[in-house]
Structure formats: structure tokens, C-alpha cells
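The sequence shown begins at 41 in the numbering used here and counts up by one.
Hints in this document: simulated from the structure, not taken from any laboratory. Careful: at least some of the hints might be erroneous.
[As the list claims (entries may be wrong)] What follows is a set of in silico ranges between Cβ atoms, one per label pair, in the way DEER data are often shown: (1) G77 x Q100: 24 to 32 Å; (2) V63 x G106: 38 to 46 Å; (3) F60 x L81: 30 to 38 Å; (4) G144 x A59: 21 to 29 Å; (5) G106 x A59: 38 to 46 Å; (6) S107 x E56: 32 to 40 Å; (7) P92 x N58: 33 to 41 Å; (8) S61 x T105: 36 to 44 Å; (9) A127 x A104: 14 to 22 Å.
[Unchecked claim] List time: in silico EDC-like cross-link candidates among lysine to aspartate or glutamate, alpha-carbon distance up to 20 Å: (10) K86 x E76; (11) K46 x D147; (12) K86 x D103; (13) K86 x D147; (14) K46 x D125; (15) K86 x E72; (16) K46 x E72.
Don't be surprised by glycine CBs; every beta carbon is placed ideally from N, CA and C.
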Amino acid sequence: MTREVKRVALCGVILESNAFSPVAVEGDFRQELYIEGEELLAEARKPVSIVPREMASFVQTMDATGSWQPAPLLLTGCPPWGPIDSAFFQNCVSEIVDGLGDAGNLDGVYIA
Numbered sequence: 041m042t043r044e045v046k047r048v049a050l051c052g053v054i055l056e057s058n059a060f061s062p063v064a065v066e067g068d069f070r071q072e073l074y075i076e077g078e079e080l081l082a083e084a085r086k087p088v089s090i091v092p093r094e095m096a097s098f099v100q101t102m103d104a105t106g107s108w109q110p111a112p113l114l115l116t117g118c119p120p121w122g123p124i125d126s127a128f129f130q131n132c133v134s135e136i137v138d139g140l141g142d143a144g145n146l147d148g149v150y151i152a
């Protein structure tokens, strides 16, 4: 019996924030963590990765346990800061939503 290959998108916008700190702007994210496409997948597969442990472990476990087809989209994050800049957030969401549409049929989406 053959097993169907599962397609899973990978994406996320990571920020711990509070209203008492300055707004987290695009530069804060790009300085800390901003990776797209195949770069995201390659980074997640490294033994020591800048990708959050949960996502890196998911990718490494999926690689080890069977065939799957990742669809890496966008992952960005910055240290704890204030609310995220609205325009930057909307750009990230648009990029992820467009990527999901372009990815075609998916069995799941891993959101960090």
C-alpha cells in the first residue's frame, strides 16, 4: 500500500507585544527573522536554526517520518516589542494568503 504525499504550508508572524512599547516596524522583523520560500525550509532543516524550535522540529520530524511536500511561504518575527506596524502586518498577511492560493491543494498549514 502506498502512502499519499501530504502537502503542508509553513508560515508565521511572531511577536510578543504590549501597548506600552514602541511600534514594531518592518526593520525590527527583518533584522531578527525574515525568511521566505526555500530559504525557510533550508533554515528549518539546520541542526542549529534561527527558525523557532517548534517549526524546525515539525519540519525535521516530517522529514524523518515519511514523505511530505512542504510549501514554505513566509516566516518573520522580532523580540518582544510594541504593537506591529499595521501596513507591515497587512503586507505579511497578503504575502501568506497569496502564497496559500498559489500553493494549490494543501493538506495542512503550519502557522508559527
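Starting from the hint 21 to 29 Å, judge whether the C-beta atoms of G144 and A59 obey it. 39 Å, violated
Measure nothing beyond the straight line between the CA atoms of K46 and E72; if it is 20 Å or shorter, mark the hint as holding. 31 Å, violated
Given the hinted pair K86 and D103, is their Cα-Cα distance within 20 Å? Distance ~12 Å between K86 and D103 Cα, so the pair holds.
Range hint 33 to 41 Å (beta carbons of P92 and N58) holds or violated: 20 Å, violated
So if I understand the rule, the pair passes when the alpha-carbon distance is 20 Å or less; does K86 with E76 pass? Within the cut-off at roughly 15 Å; holds.
Given the proposed pairing of K86 with D147, does the C-alpha separation stay at or below 20 Å? Violated: K86 and D147 sit about 24 Å apart, past 20 Å.
May I ask you to test the hint 30 to 38 Å on the CB atoms belonging to F60 and L81? At roughly 36 Å between Cβ atoms, L81 and F60 fall inside 30 to 38 Å, so the hint holds.
Is 24 to 32 Å right for how far apart the beta carbons of G77 and Q100 are? Given a distance of about 18 Å, which is not inside 24 to 32 Å, the answer is violated.
Given the hinted pair K86 and E72, is their Cα-Cα distance within 20 Å? 17 Å, holds
Does the beta carbon distance between S107 and E56 stay inside 32 to 40 Å, or does it fall outside? 35 Å, holds
That 36 to 44 Å hint for S61 and T105 (C-beta), does it hold up? Roughly 40 Å apart at Cβ, these two residues keep to the hinted range, so it holds.
Given hint D147 paired with K46 - CA-CA distance at most 20 Å: The hint holds at about 6 Å.
When held up to the earlier numbered hints, the structure conflicts with 1, 4, 7, 9, 13, 14 and 16 and fits the remainder.
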